[in-house]
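Peer 1: Listed here are the chains, written in short residue letters.
Protein chains: 2
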Amino acid sequence: MDRETLSWPAWDLQGGSGYNRPMIPYERHVFICVNERDPSDPRGCCSTRGGHEVASRLKELAHAAGLKGRIRINKAGCLDQCGMGVAVVIYPEAVWYGRVKPEDADEIFHEHVMQGRPVERLRIGSPGPSPAAD
Amino acid sequence: MDRETLSWPAWDLQGGSGYNRPMIPYERHVFICVNERDPSDPRGCCSTRGGHEVASRLKELAHAAGLKGRIRINKAGCLDQCGMGVAVVIYPEAVWYGRVKPEDADEIFHEHVMQGRPVERLRIGSPGPSPAAD
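Sequence lines, in order, name chains A and B.
For the first sequence, the working numbering assigns the number 1 to the initial residue and increments by one for each residue that follows.
For the second sequence, the working numbering assigns the number 1001 to the initial residue and increments by one for each residue that follows.
Isolated chain A (complex conformation) (with noise of 0.2 Å):
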């Protein structure tokens, strides 16, 4: 498979890093929050709001997109963003997402992941402290 196939090539993370080897196994790798709390919790959870029909959707795409080895999808625990669930996360490029509902997968798919168009409608912000204004 041709690696130019995406729109939006990896990025050379390397460039001044020091690092002398790829870095990149993975052109796009998607992080589905699926985290589990107790019902009682007034948080909510990722996992009873769609996060495992969000993941599962992402893969089903991928599989069908023969994109094996080179975008990955993985569920993951708790990202800590329990207030805008379900969260994910897309890196290299650190873009999250908030309150992404199974139905809004094949946009995160298309857009995002195949062509490098984040889903402005859905991002997250910084959920952390604010960087630096260097």
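A few of these clues could be false.
Claimed, not checked - Straight-line Cα separation of at most 35 Å, DSBU-like style, residue types lysine-lysine; simulated pairs:
| id | chain 1 | residue 1 | chain 2 | residue 2 |
| --- | --- | --- | --- | --- |
| 1 | A | K68 | A | K101 |
| 2 | B | K1068 | A | K68 |
| 3 | B | K1101 | A | K68 |
| 4 | B | K1101 | B | K1059 |
| 5 | B | K1068 | A | K59 |
| 6 | B | K1068 | A | K101 |
| 7 | B | K1059 | A | K68 |
| 8 | A | K59 | A | K101 |
| 9 | A | K59 | B | K1101 |
| 10 | B | K1059 | A | K59 |
| 11 | B | K1059 | A | K101 |
| 12 | B | K1101 | B | K1068 |
Hints are computed from structural coordinates only; laboratory data are not their basis.
Just so we're clear, the structure is a prediction, and the values are computed from it rather than from any experiment.
Model the placement of chain B on the given structure of chain A, informed by the hints.
Peer 2: For chain B alone, kept in the frame of chain A given last:
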């Protein structure tokens, strides 16, 4: 907390990417495979090889270092490195580790997570197709 206390500040992945908002909520995001397979599966799995123990120790170290909100330790589903388990990947650098044992967690944390120095003896090269040599 001063974000500069880590010796290797988050890279500016925004340079040239076209994004206009913060993209690195975690300065380092660590994923540990804890996938479970049937005991009869000859591939084995990261769960029985100590994935949970690796994750627990990394979480313990992160908590002790007071780095909540700056780094994140997450369990993940199968990272597709079953022959190299326990598999660990750290973003945004996309550095992969294999055959990680619970007793390796401290070195990964103190060297890579805190100091930005990958632990070479534990690294995997590229588990997928080799990146284009451009």
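Peer 1: Does each hint fit the structure? Answer for all of them.
Peer 2: Checked hints:
Using a Cα cut-off of 35 Å, the hinted pair K68(A) and K101(A) holds, with the two alpha carbons roughly 24 Å apart. Restraint check for K1068(B) and K68(A): the C-alpha separation of about 33 Å stays at or below 35 Å, so the hint holds. For the hint pairing K1101(B) with K68(A), the CA-to-CA distance comes to about 27 Å; that is within 35 Å, so the pair holds. A threshold of 35 Å between alpha carbons decides the hint, and for K1101(B) with K1059(B) the separation of about 15 Å falls inside it, so the pair holds.
At roughly 30 Å between alpha-carbon atoms, K1068(B) and K59(A) fall within 35 Å of each other, so this suggested pair holds. Only pairs whose Cα atoms come within 35 Å are accepted, and K1068(B) paired with K101(A) is accepted, the gap being roughly 27 Å. Using a Cα cut-off of 35 Å, the hinted pair K1059(B) and K68(A) holds, with the two alpha carbons roughly 30 Å apart. A C-alpha spacing of about 15 Å is found between K59(A) and K101(A), which places the hinted pair at or below 35 Å, so the restraint holds.
Annotation: proposed proximity of K59(A) to K1101(B) holds, straight-line Cα distance about 29 Å (limit 35 Å). With a C-alpha separation of about 28 Å, the suggested pair K1059(B) and K59(A) falls inside the 35 Å cut-off, and the hint holds. Straight-line distance between C-alpha atoms of K1059(B) and K101(A) comes to about 29 Å, which keeps the hinted pair within the 35 Å bound. The straight-line distance between the Cα atoms of K1101(B) and K1068(B) is roughly 24 Å, inside the 35 Å bound, and the hint therefore holds.
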